[in-house]
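Asks: Using the sequences plus the hints, can you model the full thing?
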Amino acid sequence: MKMKTIKTCVTALISALLVFSNVAYADKWSDQFPHIKATGDIPGECSYESMSKKDYSGKTLKINTHAVPVMGEPTALHAEQFAKLTGAKVDVTHTPAGDLYAKAMVPFQAGQAPYDIVFGFSNFINDWRRYLAPVPKKYTDMKQMKDVTPSHIGIASWDGVMYQFPVDGDRHYLKYRKDVIDNPEYQKKYKADTGKELKVPTTWKEYGEMAAYFNDWDWDGDGEKEYGSAEVMKKDDLMYAAFYSRSAAYSKNPKTPGGFFFDLETMTPLINNPGFVEALTDWVAATKYVPPGGINFGLGDEIGSFGGGQTLFSFSWDDAFVAAMQPDSPINNKVGAAQLPGSTKVWNRKTNSWDEGFNQAPFFVWGWAVGVAKKSKEQEMAFDYLCFFANEANHQADIGIGRFGVNPFRDADFQADVWTQIGWDKDIAQSYVDTLAEMEKSKNRVFPLRVPGTFEFNAALATAAAKALAGQLSPQDALDEAAKQWNDILNRVGKDNVRKAYSVGVAMEDNKL
Amino acid sequence: MNFKHKFVFLFPGLFVLIGILIFPIIFTIRLSLSGWNSYTPEMNFIGITNYIRLFTDDPRFWESFFRLSFLSVSTVILQYIIGFALALMVWKEIKFKRFFRVIFLIPMMTTPVIMTVIWRTFFHESLGPVNDLLGHIGIGPILWLSDPVIAKFTVIIVEVWQWTPFMFLLLLAGLLSLPKEPFLAAAIDGASPFRKFVYVTFPLMAPISIGAIIIRLIEASKIMDTVFVLTSGGPGTATETSSFYIYIKGLREFQMGYAATLSFTYLVIMIISLTIIAKVLTKLMIKE
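So the sequence lines, in the order shown, correspond to chains E and W.
Under our numbering, the residues of the first sequence are numbered 1218 to 1730, in order.
Under our numbering, the residues of the second sequence are numbered 141 to 428, in order.
Just so you know, not all the hints are guaranteed correct.
To be verified - For lysine-lysine, the following BS3-like pairs were computed, each having C-alpha atoms within a straight-line distance of at most 25 angstroms:
(1) E:K1729 to E:K1363
(2) E:K1320 to W:K362
(3) E:K1729 to E:K1270
(4) E:K1442 to E:K1413
(5) W:K292 to E:K1505
As the list claims (entries may be wrong) - From the structure, some residues in chain W lie toward chain E, with a derived Cβ separation under 8 angstroms:
(6) S178
(7) T261
(8) H264
(9) E265
(10) S266
(11) G275
(12) G278
(13) P281
(14) L285
(15) S286
(16) P288
(17) G376
(18) L391
(19) R392
Stated by the list, open to error - Restraint ranges, calculated between C-beta atoms of paired labels, are given here:
(20) E:D1308 to W:F236: 34 to 40 angstroms
(21) E:D1545 to W:F236: 43 to 49 angstroms
(22) W:I416 to E:D1545: 54 to 60 angstroms
Don't read these hints as lab results, they were simulated from the structure.
Computed from a predicted structure; not experimentally measured.
We put the CB at the ideal spot given by N, CA and C, even for glycine.
Replies: As C-alpha cells, then:
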C-alpha cells in the first residue's frame, strides 16, 4: 500500500513537472514570438525549442516565395523567427504567382541554384522534381509529418518519393451565406416564388437556380445590391481550376476509372465530352448571376466579393472562407461550408451515354508547395526551415489567418475545437471540418493534372473556357478547340511521356495509391 | 591616320552594338529553331517546325496581332489629335501657360503599372467609382472590363491618358521651334486661324508629326503592362495583344523556343510595317 502511494506520488510529480515544463517552454517562446501566443511552443522535432539548439550562424538561406500576403507573409515571418532562433541569415524574395514557375525553372534548367528553397504550386511537381532534393527520411518519419492526410502526402510526392514539403492543403468546396439559406422567411418566399426548397444546394443546377433568384437585389438589407455567386472567371488567373470543379460532378464517373482529363488507355482528351460541355454551359449561364464585372474576377476579387458580403455563393479555396470568418469580416459567423455541388447525371465514356443518379466528386486543387533545390549547398538548413515553418505551433497559428493562404492538411486540423478556439461558431466550425473530412474520405476524387506541359494544357483549356464565357465561342466549340490543342500538346510532348506521368494521378483518383 | 587606328576607335561602339543588339537577335533566331520548353530544356535543333506551327496552326497569334494593330493605331491617332490640340493651346499666349504645361505632363510622369492598377479600380464594374457615379444619373452599370468590345475601348482610354503627354511634349517642342516668318506673312495676308493652321502650321509640323507618330507607334505596338494589369487579355481573348501572347507562351507556358519564333516574326513584321507606315505618312503629310 505504501509502495503504491509512493508510486502514485512520483507519477503525479513527474506528470506535473512535464506539464509545467511544457507551459514554461510555451510561455518562454510565445513571449518572444507573439505569433504563437494562442498555443505557445508545441514540443516536436522542429519546435521553437528544438530549433533554438541549432546553430546556423554565418550561413545564408535564400528563399523565393509568393508576394505578400498569401504565402509570402508567413514565409517572411517564419524566416525572421528562424533567423532569430538559429543565427542564420535568411533572404526572402517575393515573386508574383504567375512568375513563380519561370523564376525557378530558368536557373534550374541552367544548372544553377540561386534559391535554396522555391515556393510554387503542387502541380509543378512533375516539371520541378528532377531539380528538387527529395525530402529526407528524417523529416518524412517525423511526428508532424505522420499527421498529414494521405491525400496531401500523395500530392507532395511522386511515385512514392516526397519532393515537396507539405505546408498547405487545398481543395475547392462550396461557401454559402448561412444567414440567407437558413432564414425561414427566405425559405418561405423562395418556396412560394419557385415551388422549390431553399437549402444548401447539392447540385450545380440548384446552385444556379438559387444564385439567379438571389441576384441583383438587396437581400441583406444593407442598402446595396447583392448577387448570386462570385467565381474565378478571369483567364490565366486560376480559372481552369474553377472549371474543373464545376466539371467534376458531370464527368468523374466512379464506374469508369482510368482518367478524368484523358482516357489513360488511348490518351484521348476527355475535356470536350458532354460532361465537360454541360459544366461549361452551366458556367456560361453563371455569367448572368455574378456581380457586374464578375467575368473578370480573379481569386483576389472572388475572396473580396464573397468575403465582403456581396454574394450568396462562392466556391474555391479555403482562403475566402477563413477570411469571411475573421472577426473584422462583415459576414463573420454568417457563412457555411459544404461539399462542391454535384449533379443528377454523370457522363459515362464507356457507354457514351449519361448515367442517371446523383454524383459528386471533390476536387483536390493543387495547393502551395515548396521544395529544396537539389543543387543547394544548404539543404539541411533549408529542410529545417521548412520543418520549422510547418511545426505544430506555427501551423495552428497560420491556418487561422485567411490572408496567409495556409490551409488544413493535417488530421488534427479537422477537429472543430481548433476553429472554435479562434472565435468560430461551433456549428460553423463543425460544418467546415466535416466538409473537409468528407472530401478526404471520398472515393470519387479528382486530383490536379500533373504531367509534362501542365501549364500548356491548363492554359489551352482556360483560354477556351474564357472564350465561351465571353460569348466568343459556344461551349462545345470552345472545348473542341481546347481538345484539339491538347492533342497538339500531346504530340509535342509525347503521348507516352504524358501517359506515364498521368498514370500516377489516375492511380490516386482510382484509389490505388 | 592609319586605317587600322580607326578600327580601334570603332571597337567600343561595335562591341556594345554586338553585345546588346546583334547577339540577342542571333540568339533569338537560334532559340526559335529549337524546341526548348519545360520538358525539353535544351537548345536542340528542330528546323523550322516552330515557324510552320506559327503560320499554319496558331490563329491566336494573328488575331492578337490584328487586335494590336487596331489598338496601337487608334490610340496613336487619338494621342496625336489630343496632343496637338493641347500643344496648340499652350503655344499661344494664355493665362497660366506654365501651369497647364506641367499639368498636361503629369500622366506621363506616373508609373504605368501603378496607374493602370488605379484605372482598374476606377473601372471595377461593381466596386469602382465610375459606375457608381454613372449610377447616380441612371446610367449603367457599364461593363468596362468584362464586355469584349467595351474592354478594348477601356484599354484605349488608359493608353491615351498615359501617353498623350508624350505626344504633347514632342509637338509643343516642334511648335516652339517653328520659324515666325510664315506666320507673319499669313497674318499680313489676313489668313483666318483655321487657314493658318491648315496651310502654315500643319505643313511645317509635318516632319515632327511623322517622327512623333512613328515613335509612339513603336511604343504602342509593345503594349503589355496596361493589358496585363487591366484585363489580362480578357474577357476571353478580347484584349490580348502580340506582346502579351508572347509573354504567355514564353514565361507562363515556358515554350521558350516557340516564344522566340513569335518574337522574331513579330520583330520582322514590325520593321516592315513601320517602314511602310513612315513612307506613307511622308507621302501624305509632306508635300514637295
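Asks: Against this structure, judge whether each hint is valid.
Replies: So, going through the hints one by one against the coordinates:
1. E:K1729 to E:K1363: 20 angstroms, holds
2. E:K1320 to W:K362: 23 angstroms, holds
3. E:K1729 to E:K1270: 42 angstroms, violated
4. E:K1442 to E:K1413: 23 angstroms, holds
5. W:K292 to E:K1505: 21 angstroms, holds
6. S178: Since chain E brings a Cβ to about 5 angstroms from S178 (chain W), closer than 8 angstroms, the hint holds.
7. T261: The hint is violated - T261 (chain W) has no Cβ within 8 angstroms of chain E, the shortest such distance being about 11 angstroms.
8. H264: 6 angstroms, holds
9. E265: 3 angstroms, holds
10. S266: Given a least distance of 4 angstroms, the restraint on S266 (chain W) holds.
11. G275: 10 angstroms, violated
12. G278: 15 angstroms, violated
13. P281: 4 angstroms, holds
14. L285: Check passed: Cβ of L285 (chain W) comes within 5 angstroms of chain E, closer than 8 angstroms.
15. S286: OK, holds: S286 (chain W) within 8 angstroms of chain E, min 4 angstroms.
16. P288: 5 angstroms, holds
17. G376: 3 angstroms, holds
18. L391: 5 angstroms, holds
19. R392: Check passed: Cβ of R392 (chain W) comes within 6 angstroms of chain E, closer than 8 angstroms.
20. E:D1308 to W:F236: 34 to 40 angstroms: Between D1308 (chain E) and F236 (chain W), where Cβ atoms are some 51 angstroms apart, the hint is violated.
21. E:D1545 to W:F236: 43 to 49 angstroms: The hinted range 43 to 49 angstroms holds for D1545 (chain E) and F236 (chain W), with Cβ atoms some 46 angstroms apart.
22. W:I416 to E:D1545: 54 to 60 angstroms: 59 angstroms, holds
In summary, the structure is inconsistent with hints 3, 7, 11, 12 and 20 from the numbered list given earlier, while agreeing with the others.
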